[in-house]
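A.B. asks: Taken in order, these protein sequences are the chains called Z and G.
For the first sequence, my numbering gives the first residue as 1, with consecutive numbering after it.
For the second sequence, my numbering gives the first residue as 1, with consecutive numbering after it.
No lab work stands behind these hints: they were computed from the structure.
Just so you know, not all the hints are guaranteed correct.
Unchecked claim - Computed Cβ-Cβ distance ranges for the label pairs, DEER-style:
1) Leu264(Z) x Met297(G): 38 to 46 Å
2) Met297(G) x Gly184(Z): 27 to 35 Å
3) Met297(G) x Leu155(Z): 38 to 46 Å
4) Val213(Z) x Leu175(G): 31 to 39 Å
5) Ala190(G) x Leu71(Z): 46 to 54 Å
6) Trp115(Z) x Ser183(G): 37 to 45 Å
7) Glu162(Z) x Val86(G): 55 to 63 Å
8) Tyr89(Z) x Gln161(G): 47 to 55 Å
9) Gly150(G) x Trp279(Z): 46 to 54 Å
10) Ser183(G) x Glu162(Z): 52 to 60 Å
11) Tyr89(Z) x Val171(G): 40 to 48 Å
12) Val72(Z) x Ser183(G): 50 to 58 Å
Said to hold, decoys possible - Sample of chain Z residues lacking proximity to chain G, with all beta carbon distances greater than 12 Å (derived):
13) Arg34
14) Ala58
15) Phe62
16) Ser119
17) Pro140
18) Ile147
19) Ala172
20) Trp200
21) Leu215
22) Val232
23) Phe285
All C-beta atoms in this analysis are idealised placements derived from N, C-alpha and C, irrespective of residue type, glycine included.
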Amino acid sequence: MVQSLVHVCLAGISAGMFIWLVASGLTLIFGVLRVLNFAHGSFYMLGAYLCYTFLRFAGVDFWLGVLLGPLVVCVVGYFMERFLLRHVYPLELPYQLLLTFAMVLIFDELVKMIWGAGSIGSPTVPGLSGSVSIAGRDFPVYNLFIIAVGPLVALGLWAMLEKMWWGRIIRAAASDREMAAAIGVKVPALYTGVFVFGAWLSALGGALAVPYVGLLTTGMGEAIIIEAFVVVVIGGLGSLKGAFLGALVIGLLTSFGTRFIPTLDMFLTFILMAAVLLWRPQGFFAES
Amino acid sequence: MNRSWTYILAALGIAVLIGIGLFSSRFILYLTMRVMILSIFAMGYNILFGRTGLLSFGHAAFYATGAYGVALCTIHVHSHPVLAVVAGVIAAAVMALIIGFFCVRHTEIYFAMLTLAFGMMVFSLMWNVRGITGGDDGLSGIIRAPISLGLISIPIMKDSQYYFFVLMFFVVSVLLIHRIGRSPFGLVLASIRENHVRTEFAGLPVKRYRLAAFVISGAFAGLAGGLAVFLESNVTPFAAHWSRSADPVLVSLMGGLQTFSGPLVGSVLFVVLRELIERFTHNWMLWFGLILLAIIMGFRGGIVGSTAALLKRSSEQG
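Okay, chain Z solo, but in the shape it has when bound:
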């Protein structure tokens, strides 16, 4: 029983880390640009498919694929922000949401056209393909690696936002964009930068997910964006700390739910999301 619980925990944490990578970019973009990006899951999906393609057809090393895939997604993100999203900032909320929703449709179909509608089997990672014995049972090394990556990314983000000068600029623009513009911050360029960086985070999650999920499908973006929405809502829209904790909560909740009450695991997730929205719309882990 104990060993089973340990493994359910570990599985939940590693699943939560992928949601965290998507949710971190989502919440960062929302905090600065005030746009909730439905297409953020599509960046995750694109990151995965591109990484896979580099591995399979360019024959590169897995780690090079993890580097290159998200970089291509950055270019996609750049064009999306620069030529589409930028024009809808002054508009009402529905138009912003629907623009990003339109991008979901477009990305999904493009992936189907390029890579086919069926699912694709993915490779294992040399060096991290084995498993170790934890509490008397085998656990994949790669999942342990993922559990380490999540907090590292969180630490990196924290250091960037709190300790570096451009982190301060990002925070300034997030709290008051007119004021930031008035003291000389180039807000449009900053928006582009934050959006591209957010896209990179999500695509990194996707690329790292390639050996983890085993099968790539066009639905993977839509599945994770909903989880990421739940996470950023629970953590408080715009809060990175909240997103990290929220991702852990959702990962664990899903993992335990699937183990013990498999018919209700999805239901529980959305109950939690609705409850937080109703009683603490600023987020469960927000300071005030």
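Got chain Z sorted already, so can you dock chain G onto it with the hints?
C.D. replies: Okay, now just chain G, sitting in the frame of chain Z:
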């Protein structure tokens, strides 16, 4: 447009629809029914979205509730179609009342997220409560029994007969929604959209009005779902999935948000374009994404709004 023109147009529209019902091929009949069902869904939805200014991402849940209500009523209770449709609409309205009670506490992005969460709850219930809903297989083989009215009974088994059943509900819905738009109630909803603080200061219970708009739009969504079940003879949980909630938004946007006939025109475009695009390519969603993008970037009034603006501009110049 003045009043008499509206009547003439409406009469012409009904005449054309009756003509289609009497003389068309089965394929055209089927498409027209789909247009009418989607119109009911979108026009009802637009009471909440275009009128009250609330963007819901959970209305597929009410559509699906109506659909399951009709299916379950037909299978377990009584096969009378009118009874089933009424049961479906009531089920959807009750569901909308419960969910709306919580959702109207927020607006804007929080409202959208709440409706998304509740919608997905409904989806997951339909997916998981296998004993009642049939799980991911859904319910199938729902038959259209004749409408018995005491002594006589009207068969609606054939598509050409069922068409008039849908047409009747369509006309009634259009009239009702038109009436709601012109009523004091409808005007209050518009004032909430324009400025909810001032509406509140005028002494109106804004939340209650929002809830009423939510329930009405949910009921119409349920009606659309119920009619769709009889048309397709089956229903699956995917009818409640959040991505399906985007359909009425798309339709309203294509036609024009703040116009009465916008969702109607949008529905025709949606169904016809989809049919046309699907003939040439499997990737019709790609084209819809591009169309949606074009509307948001360039034609935010939709077809009806943009055309009206164009007419107005040319008449001002001339």
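A.B. asks: Determine for every hint whether it applies to the structure shown.
C.D. replies: Status of each hint after checking the structure:
no.	hint	verdict
1	Leu264(Z) x Met297(G): 38 to 46 Å	holds, 42 Å
2	Met297(G) x Gly184(Z): 27 to 35 Å	holds, 30 Å
3	Met297(G) x Leu155(Z): 38 to 46 Å	holds, 39 Å
4	Val213(Z) x Leu175(G): 31 to 39 Å	violated, 51 Å
5	Ala190(G) x Leu71(Z): 46 to 54 Å	holds, 48 Å
6	Trp115(Z) x Ser183(G): 37 to 45 Å	violated, 52 Å
7	Glu162(Z) x Val86(G): 55 to 63 Å	holds, 60 Å
8	Tyr89(Z) x Gln161(G): 47 to 55 Å	holds, 52 Å
9	Gly150(G) x Trp279(Z): 46 to 54 Å	holds, 53 Å
10	Ser183(G) x Glu162(Z): 52 to 60 Å	holds, 55 Å
11	Tyr89(Z) x Val171(G): 40 to 48 Å	holds, 42 Å
12	Val72(Z) x Ser183(G): 50 to 58 Å	holds, 54 Å
13	Arg34	violated, 9 Å
14	Ala58	holds, 26 Å
15	Phe62	holds, 31 Å
16	Ser119	holds, 17 Å
17	Pro140	holds, 28 Å
18	Ile147	holds, 27 Å
19	Ala172	holds, 22 Å
20	Trp200	holds, 23 Å
21	Leu215	holds, 18 Å
22	Val232	violated, 9 Å
23	Phe285	holds, 17 Å
In summary, the numbered hints that this structure violates are 4, 6, 13, 22.
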